[in-house]
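Trainee: Each chain is listed here by its residues.
2 protein chains.
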Amino acid sequence: MALIRSWVESANAPEGPFPLNNLPCGVFSRPDEEPRCGMAIGDFVLDLAGLEAEGLIALSGGPLLDVPFWNEVMAAGPQVWADLRAQVTRLLAEGGGRMAAPYLVPRAEVELHLPFLVSEYTDFYAGRHHATNVGTMFRGADNALPPNWLHIPIGYNGRASSVVVSGTEVRRPWGQLKGPEDAAPRFAPSARFDIELELGAVVGTPSQGPVTVAEADAMIFGYVLLNDWSARDIQAWEYQPLGPFQAKATATTISPWVVMSAALEPFRVAGPPRDVPLLPYLQEPGPMLYDIALEVALRPEGGAETVISRTNAAELYYSAAQQLAHHSSCGCPMTTGDLLGSGTISGPTKDSRGSLLELSWGGKEPFAIAGGSRSFIEDNDTLTLRGMARGDGYSLGFGDCTGKVIPALADPYKRT
Amino acid sequence: MALIRSWVESANAPEGPFPLNNLPCGVFSRPDEEPRCGMAIGDFVLDLAGLEAEGLIALSGGPLLDVPFWNEVMAAGPQVWADLRAQVTRLLAEGGGRMAAPYLVPRAEVELHLPFLVSEYTDFYAGRHHATNVGTMFRGADNALPPNWLHIPIGYNGRASSVVVSGTEVRRPWGQLKGPEDAAPRFAPSARFDIELELGAVVGTPSQGPVTVAEADAMIFGYVLLNDWSARDIQAWEYQPLGPFQAKATATTISPWVVMSAALEPFRVAGPPRDVPLLPYLQEPGPMLYDIALEVALRPEGGAETVISRTNAAELYYSAAQQLAHHSSCGCPMTTGDLLGSGTISGPTKDSRGSLLELSWGGKEPFAIAGGSRSFIEDNDTLTLRGMARGDGYSLGFGDCTGKVIPALADPYKRT
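Taken in order, these protein sequences are the chains called A and B.
For the first sequence, the UniProt record's numbering assigns the number 416 to the last residue and increments by one with no breaks.
For the second sequence, the UniProt record's numbering assigns the number 416 to the last residue and increments by one with no breaks.
Don't take every hint at face value.
It does not matter which identical chain is used: a pair holds within one copy or between any two.
Here are the simulated lysine to aspartate or glutamate pairs, DMTMM-like style, with alpha carbons at most 20 Å apart [said to hold, decoys possible]:
#1 K404 with E301
#2 K350 with E305
#3 K414 with E94
#4 K178 with D275
#5 K414 with E284
#6 K364 with D392
Quick caveat, the hints were computed from the structure, so don't treat them as lab data.
In this text, all values refer to a predicted model and were calculated from it rather than measured experimentally.
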């Protein structure tokens, strides 16, 4: 597939991130305006609520767009999603009329909000290199992968209330900590605060009862970048036997733009060969991973940014469709706005690891950044995830998924 | 505290469950009516939406009651909760006028719905006898309690979409299973389907940032009975290292009535002595458990009911207030409608165990019921939880928390 040219000139840049092929979904406002649905196009946000009010966009079951979340469109299902993309493509394609021109708002002027209401958040563990790295650190190389890992897309329920949009500052958490050498636990700020580089799948159409992988794939509205902030010292002490809990509930940052599944269609790639065959309910009818280049950048306060990791979403062992199929397998109802984190996406090399835990090998091997080094996140560091799918003469992005870590409160129970 | 007598005679029965002291919160409808908020009183439901529309109840920020959920009242905070109780008590107290009489709907005529919108669901593990029993079965008596158990109210995030109201049938789930002797996993109906007898705390007022135990206690709107249906064979294979997931997501049944914290105030009891001191952020300023007698009954299709367990909510090691304080400790935002399961409440004796896993000791010691025996739940068994707080001449109940387990689908992927 090639670039779809637009009369919005900034949308035709081959390096993207927002050509007419993309049309990612966000919620925006200018000062003193109500947040509403828009799509990124070149240097602009297209005011979809405005176009719908003017009758230039009309969706089945509408109006759906003059609200500060995409959930109504997401719940409307794949035909409405396709229809919306077709209508916006007609409005913005090169050679067409410019009726939509008054609805282009410079991106520099807008604030971006959480693009959808997160109903529930589930975090998976589908990156084989990540699971192997973490397992090797904790259990040794011979027992790195848990026995179920090659059979189940392992996951746990996270905390939807912790999900914030890119740009939100993240306060270093306090928590209950106990190092292996400590006689007793203590309550203190986390000293091993970390990121996890993930792709998040956004469920559009709901389900009751188990769904197949193909059905699950069709339920997914789109994808975001997702940073699953993780307090490794809280995690180490709390996570047995019931899994991560407070270590993962301080914040989860997502990109401001949801890239629709339809836009990622040309970037589908097959999963890896399977060491052991998957059970039929997890087998994929076609390629369901995506070739999306990913990177993590770290910038200290007042310093220069260093890209500390470069990897690809195709490194995953399980697709979001497989995860969603497994999630529903016991009859768990899935709902519009469910967010499924992929798990940390590490590549096979040192410089493609998707967490500081892995990059510094548990803090034992600090890694270099411009002007210093890091084992874990230091106060006032800004961490940014980026993703880019590169096609034939065009590229799709998600917008930066960024957060600055501000110092822990001196006393978290002091009321001011 | 003694019985508060009402002119609704059926509310004055000393065995309860719905005297004027209780006033639990539910959502009800008669055929062809819209569900709305009501309170149980004797043999009736008091139509609060009707009283509010008529001006006989007026709440700050109202109207709040003509909706099919209690979340608006819950979000309004403790002063509104107290004011509502005071207004209803005045309307129904013996010696007062009977303006409310037209708003009494016989309970036998109504359908009860989920009493509130569950925003997120967290399940804890705060029953020491339960944790010890399960730990002994899985790891031996010497390592029964995990090392963190006496320091942390261990919990994991569950699935809010799985929460259903009492009376909803529960379909036996399929899942990925692998017994210790099996060479490979298979996808099959759960053969070890179970209950967990729990108390659920319902968060009313939201929070940002860590809250103290006292603050947490004041945020809790009330309590429900909660059955955390559990597929033990799915759980055993999936739960390492990230905790229970599909084993717990088929359904979670709650009682139709939320008993407000204020009604349970006279039943407060202190927690147990602590083997090791709790960290300050978990220490309780006063008694925060409740003396509530609990029981589990099992009834086979067409057979007689057997009470298979009798225990008490005072057997918990951690209170809901401690759990909520811990839940918020990393800065996790807590929201109106959060549901916190206590964890299985087992007593010290064989006949006070709160799950079939414990009652049958992992299936090795089937227990007797009228006309047969059980290790785990069989198809068409009905499981019922009951709770009763017994005061001076009166008793408070939650209504039955019941569910019938219907057979697994022959093919969960067949679309009819």
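Trainee: Could you run down the list of hints and mark each one as holding or not?
Mentor: Outcome of the hint check:
no.	hint	result
1	K404 with E301	within (9 Å within a copy, 59 Å between copies)
2	K350 with E305	within (19 Å within a copy, 62 Å between copies)
3	K414 with E94	neither (58 Å within a copy, 46 Å between copies)
4	K178 with D275	between (37 Å within a copy, 18 Å between copies)
5	K414 with E284	between (52 Å within a copy, 17 Å between copies)
6	K364 with D392	neither (42 Å within a copy, 63 Å between copies)
The structure does not agree with the numbered hints 3 and 6 stated previously, though it agrees with the rest.
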